[in-house]
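If you're matching them up, the sequences are chains A and B in order. The numbering of the first sequence is the numbering used here, which starts it at 1 and goes up by one. The numbering of the second sequence is the numbering used here, which starts it at 1001 and goes up by one.
Partial chain B-side listing against chain A, Cβ under 10 Å, derived: (1) A1010; (2) A1040; (3) T1044; (4) E1071; (5) T1081; (6) R1086; (7) I1091.
I should point out that these hints are in silico values taken from the structure, not numbers from a laboratory. We put the CB at the ideal spot given by N, CA and C, even for glycine.
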Amino acid sequence: MVFTTPVLNYAQLSPILIVLAGAVIGVLIEAFAPRNARHNSQMFISLLSLVSAFAATVSIRKQAGVDAAMNSVAFDGAAFLIQATILIIAVLAVFLIADQENFTALAAAIPGSQEERESLQKDLRVTEVYPLTLFAVAGMLLFPIATDLITLFVALEVLSLPLYLMAGLSRRRRLMSQEAALKYFLLGAFSSAFFLFGIAYLYGYSGTITLSGIQQSIVGGSGNDVFLLLGIAFLSVGLLFKVGAVPFHAWSPDVYQGAPTAITGFMAAATKVAAFGAILRIFYVAFANAEWQWRPALVIVAIITMLFGSVVAITQRDVKRMLAYSSIAHAGFLLAGVIALNKSGLDASIFYLFAYGIATLGAFAIVTLIRDAAGEVTDLNRWSGLGKRSPLTASVFALFLLTFAGIPLTSGFIGKFSIFSAAYQSGSTAILITGVLSSAIAAFFYIRVIVLMFFKDPVEDGTSVVLPSALTAIAIAIAAVVTIVLGIFPAPLLSFIESTAFFIR
Amino acid sequence: MNPYNYLYVAGLLFTIGAIGVVVRRNAIVVFMCIELMLNAANLTLVTFARINGTLEGQVTAFFTMVVAACEVVVGLAIIVTIYRSRRSASIDDASLLKR
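Pulled out of the complex, with its shape left as it was, chain B reads as follows (with noise of 0.2 Å):
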């Protein structure tokens, strides 16, 4: 199979999530578009990785994964924080420093 295919899933899954960035507004929904767009970048990675026959795509993907993780501890903290002093995460309430 055409591995220049794969491209294109990743390219979709990209916009996908980054739309879904843009247009979502519940924070935790937000949060998991950036997260499809992280694999969308790890599926690129490895597509290109068996393209070019080296090693450093897969072990790019193993590094964003990790780093990934991190980032869901940092911002599921930091939504529950909000969640619990608002009562809400959309990102539509949490607009106190909007002029």
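The following block holds chain A by itself, in its conformation from the complex (with noise of 0.2 Å):
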């Protein structure tokens, strides 16, 4: 056995070493900074890693190359577009997760207890939630650009193990944050394990773990077919748990209800691109040539995510589930552009992510602006009226709901146009049918809320509208901004990534 030295490409992997540096000074700073500078001293050191990621990740956007890391991890214009779509929404995430009335003063102490009251009489704050993010971040920077199964296995669980505790951390509803903590942890590990034992069939299948090996062997065909289709199954299931898809999807509405809202914005935006960035380089790159193992199986899929999340939407009486439901009927359109399996497919897959992520965000941020005395109110029975409360808080909320739903002149009618052209191009009639069926589906809801907020007399039960903090402010700015010029202008942006996407192999 000879070792060779590894010949490590530091400007490709800076983007994630600026954002892991950031977490372990963010650890650091926990650790020896007095109480009151680690709040503002985090969030300038998160700030600060994750523009300088954007910043590095933008000056290598020409380069190209499979040796950044040995072999381990590919970088392309696919990446390249992913990994500055989750840094952007990064920036916007650690922007709400910056005004603390969120978050639960201190962690370990138990709901309802002495320790808890003194903690919140010290306005202690949870800084953890900073390097945490950092630490999330880095994991989703490295998922999508992974191009052997050791190294997409870490990631998944770097960006999932901070995830699972800052779903903990909700300041109000303390039991139910941690149960949803609790959930998303258990079947988040189990669909893990179920992650693992697909590598290790593939890796049985393939004798290989680089993506492009096992692209090789499938072309050769030389493996045990019985070895593949496991393989291929069960790593499925955990990306498809991941990204929320039907019937993996139990976790989300839970997650997301629970969750402290900045945090649920955070992991329903970012996690999603990176799930789906990693979900495109694996099927394009190393199951390209098995279509038609994965296919069929993909396409029921997509078709029940569309119509389960679009239908159970419907039934919801609580934004936040609303909202999860609505991201789940998200997955299901994202996936036809997976099983498009054209460039076409990945392009209208990369505008869809930017523009979803940014909406999702924007959309959680209005959330934790309506309050009552008891914190924030997701019952969306009161929030009847809000229109004539909070004009402009209700709409842009409304414009959010719209581009959720698809409607021209916002980015979510371009996004949902390209994905589906893209896969009737690529012959899949079915997901084109029940795709346009279930849009029309979840347009009935979306509008619902809409009436609800403008054409309702408000109630008065202590619901109102909190002026959002500047940083807050500027997140839900930018994410009205983006949404409507995507919807108007499209154009450049869609060039762009014509010109830009590619897997290298």
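Assembly of the complex is requested from the two constituent chains, each provided in isolation within its own frame, with the hints serving as guidance.
Okay, structure coming up:
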């Protein structure tokens, strides 16, 4: 056995390394800085590392290659676009997290105990949430560019483990928040066991752990097809769980509802981008030549996901649960882009991920603003008449709902149009029909919320719209502007994605 | 000995773990069943490393152990927090979010 010295291309790894360095510095601040200095310094470090990671990503956008870390990660056009999207979403998410009204004062204190009351009186802050966010972001940056199965698995865990903890940090309804963390953790660990079992069988099939090696084995066709089928099936379970596709969606409404809203927004937007980035790479690069093995199953999953998400969302009375089911439906639309398995499917998926991620973050940011004395009000009945009370907030929320519904002149319309036309080009007429049908069902409940906000009388029960903090206001404004601009002038971004996005093998 | 037998054992362990996750009600036991599933995957990896005559499978198994250890840290932290606030680690009691 000859061991060779690993050669690392630090330039291409720099976005991940910068974010990880920021996270480690954050941990050190947690350990050594005095309590009252932590919040501002943590926020500064987080934003600085995310912005400089974004700058690093942009500066290396022209580079492409698989030799950044001994064939473990690939850097190509699609990787650049996905990483840039994740970093933009992460910056906006940190703006929301900075509004610490959302988070518990002391995560270790028992709800209702003396310790908790004291920590609230002393106005402690959970500044741990910043390094946790950065660790999750580093995992998300690595996940879509990983080209071997070990890196893929480690990145999946690095992005998931901080999120499990962050789901339990809510300031109010702490039992529900902790329950969300438990459910997310148990089901997440369950799915990563499936993911790992899939990895084992893919390795057994091909004798290699690189995606390109698996692709060559599939082309060669010499391996045992049972292993390949088991591998693809188990790996897909793990991936589909992360994006919340039916039948692996059970965690998402509970976790979305229980987690602090800022975290829910971050999780809903960034995790979906990272997981779909990885799904696109795995299915386009490794499994493309075995499409008959996975495509029929994935078509069925996509159809069920779209219909289930849209239909069940109608019955929801809680705004966070409604957004959760809407995100399940969107996972189905995005799967249509994976199934398309062509260049326009890739372009459309990346555009959709960007548009959807930004709008989701904006929508959850609005949810943090509707409060009463006991915290956020998520019961939809109590949102009635919001348009009369605060026309601006209600209009912006309506804008995000219209994007989710895919109404023209919003980014959601362009995203849906391009993703369905890509699916149609590849011959998946069933996907196209279900997609349009479930969009129509979904439009019903989005518009019902808009009617509720604008055409019903407000109920006087102490529900009020708080004035957003400066950073939250900036995040909402950016999300709203992006949504409108991409709806009216999508061409520059679409053509940029079209000329940039590709997968290196 | 035929190495494929180890694949059957691993498949059996994985199934036992998966069934345990579904039927057991104590969060700690559910978590142990997940660890059993990870170990079944490890056994599969090592068996395939032997069958294929390459080392990557064994290396992956090492990474899995590290990751599983991290998962234990995070998982027990969450379970202990839940236990302290509810005096119970049953996942049936944790049903505030069900509608």
